[in-house]
Amino acid sequence: MTAFKTTSVEVRLPSRMGFEKVAMSTAASVAKLMGFKEDRIEDLKTAVAEACINAIEHGNRLNEKLSVGVVLSTTGDSLEVKVIDDGKGMKKQPTKPDIDRKMHGEEDPRGMGMFLIQALVDEAEWVAGANGKSSYVRLVIRLDKEADPDGE
Amino acid sequence: MQSETKSKVEQLISPAGHPVTVLRFEGDIASTSKEAVLGTYQGLSKETVKLILLDFTKVDYINSSGIALVIQLLMEAANHAQKICAFGLSPHFTKVFTMVGITKYAGLFPSQTEAMAAL
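Chains as they are written, first to last, in the working numbering: chain A, 4 to 155; chain B, 120 to 238.
Nothing false has been slipped in among the hints.
Covered stretches of chain A, going by a simulated chain B footprint (3 or more residues, C-beta under 8 Å): (1) 41-49; (2) 52-64; (3) 92-106; (4) 111-122.
No farther apart than 27 Å at their CA atoms in a straight line, the calculated lysine-lysine pairs in the DSSO-like style are these: (5) A:K68 x A:K91; (6) B:K177 x A:K40; (7) A:K35 x A:K8; (8) A:K8 x A:K40; (9) B:K202 x B:K153; (10) B:K202 x B:K127; (11) B:K202 x A:K99; (12) A:K99 x B:K223; (13) B:K214 x A:K40; (14) A:K68 x A:K94; (15) B:K202 x B:K125; (16) B:K177 x A:K35; (17) A:K136 x A:K68; (18) A:K40 x A:K99; (19) B:K153 x B:K177; (20) B:K169 x B:K223; (21) A:K85 x A:K40; (22) B:K153 x B:K127; (23) B:K214 x A:K99; (24) B:K127 x B:K223; (25) B:K214 x A:K85; (26) B:K202 x B:K214; (27) B:K214 x A:K95; (28) B:K127 x B:K169; (29) B:K169 x B:K202; (30) A:K99 x B:K153; (31) B:K214 x B:K153; (32) A:K85 x A:K99; (33) A:K136 x A:K95; (34) B:K214 x A:K35.
No lab work stands behind these hints: they were computed from the structure. Every value quoted in this text rests on a predicted model; they were computed, and no experiment measured them. The beta carbon of each residue, even a glycine, is placed where N, CA and C say it ideally should be.
Start from the sequences, fold in the hints, and give me the full structure.
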């Protein structure tokens, strides 16, 4: 497949729940133009939505005066998505949800967003911004993941 | 921005002759869906309703807050000896529900017919 021309798309979202769907749709459109398969686009949509929800809710604390930046960059056969907020960044690493603990009330039923992000894309990293602002999560999804002989 | 979650309740009889209550959802399932998901479930009798199907056929978007509501529903159902199955999830959300472990507490089926046959 011909490598997709390097390009960048930026979206700014208000810190209001529901607007993550604008980022989802934009990411899906870019991924479709790049030739991603439908199942990978669905993975990307969920990962981008969860990253935006975290940015809106935890990063910007639902403060509508702050916006969430979403930068989509295509490089060769990969799509990178940065979701930027004005929070201090995530201190914890994603952990796999324990459904038994959740069902027994020993673990919050919520708190699965970071796990889903990490599980659905090829790379995910959380970066705390300098001076406790402009933190971001960076996601990367690659074309033809199935074709990789190492399965990575 | 989020599409309102609608829900309705329907009573059916399984092929094995058991009464089954179907909760049909429509729209997005997110943090704003508490009343539609948990409220609708909590309106059912804990004494007489023992088999429940969740219909996601008309649901396009489920986020982690929506999944958390489903887990809360499963918790309450487990505490009242109610059996829950779900159908109509897209292949993607079937994968997501499986990844977070929901399949340990609720059977997932492609269609209502297959879900009813399992009850």
